[in-house]
Amino acid sequence: MPRKHLIASQTNKKQQSQAKLWQKLAREIKAAVNVGGPNIEANPRLKAAVAKALANNLSRDSINRNINGTNTDKENLEALEYEAYGPNGLQIIIGVLTSNSNRSASNIRGYLSKLGGHIVKPNAVKAFFETKGYIIAKKNNTSLDQLMELTMEFGILDLIEQEDGFEIFTTSSDYYKVVDHLKANNIELFSFDLKLFPMSPINDIGDNTEKLTRFMDSCEDDEDIQWTVTNYEPNNDE
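If you read the sequence shown in the UniProt record's numbering, its first letter stands for residue 1, the second for the next number, and so on.
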């Protein structure tokens, strides 16, 4: 069922955890520079990190400080992914940036234990997810037909009109082209990101919903965990 107040809902989520999100975005920028250097155009990972930071209102000054190394935090961060099974067919992928992989693994195992889940071998879960571009555009005076015409030359997987905005799903290869094209045509973007989506989402995990909420909260509060995705998509207006 369509979410009537798409942007209002996303705004509320941002406001609830803005400081935590900015901290994680800054860490991702530093890690990207460490791996591929400070040239945004020559470093795809850094380009993605900066785009996500800008979409979430991290200041240009903060972005530049982290790129140029003037930030006093000199952590050597390692990027890792953990895949896990949970109860009732739940599948989980956790993205980590950490200076201590043993600490991160221990923390994640603890969170999973409370959920009733466990870590599995690489690609046991990720094979059932796919990467898509996910863009939320503000409606303003733009119609669905105008937006469809504007993006028809690109790899658009789905375009959904909500009460206060549009959800745009793109192929991963055309994601940056679509974002740049929309901006060039004065379409105001509320957020944009490359995300993992389950190929076969589930909407029933029995009586484990509260446990999953606590698990997701623990992951959000952990400074080493950048993001968490699952194959659970509740069948309601949330």
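One or more hints might be untrue.
SDA-like, lysine to any residue: derived pairs with alpha carbons at most 25 Å apart [unchecked claim]:
(1) Lys52 x Gly36
(2) Lys177 x Gly155
(3) Lys195 x Pro122
(4) Lys47 x Phe129
(5) Lys52 x Glu223
(6) Lys126 x Ser173
Here are the simulated distance ranges between beta carbons [to be verified]:
(7) Asn64 x Asn100: 40 to 46 Å
(8) Lys114 x Gly37: 38 to 44 Å
(9) Pro38 x Lys114: 37 to 43 Å
(10) Asn123 x Gly69: 42 to 48 Å
(11) Asn140 x Leu194: 21 to 27 Å
(12) Pro38 x Asn235: 43 to 49 Å
(13) Ala124 x Asn185: 38 to 44 Å
(14) Ala124 x Ser99: 23 to 29 Å
(15) Trp22 x Lys47: 28 to 34 Å
(16) Asn64 x Glu163: 19 to 25 Å
(17) Asn39 x Thr171: 21 to 27 Å
(18) Glu163 x Asn235: 17 to 23 Å
Derived from the structure by calculation, the hints contain no laboratory data. Glycine included, each C-beta is placed from N, C-alpha and C at the ideal position.
**OP:** Report the numbers of all earlier hints that the structure fails to satisfy, in ascending order.
**Re:** The structure breaks hints 7, 10, 15 and 16; every other hint is satisfied.
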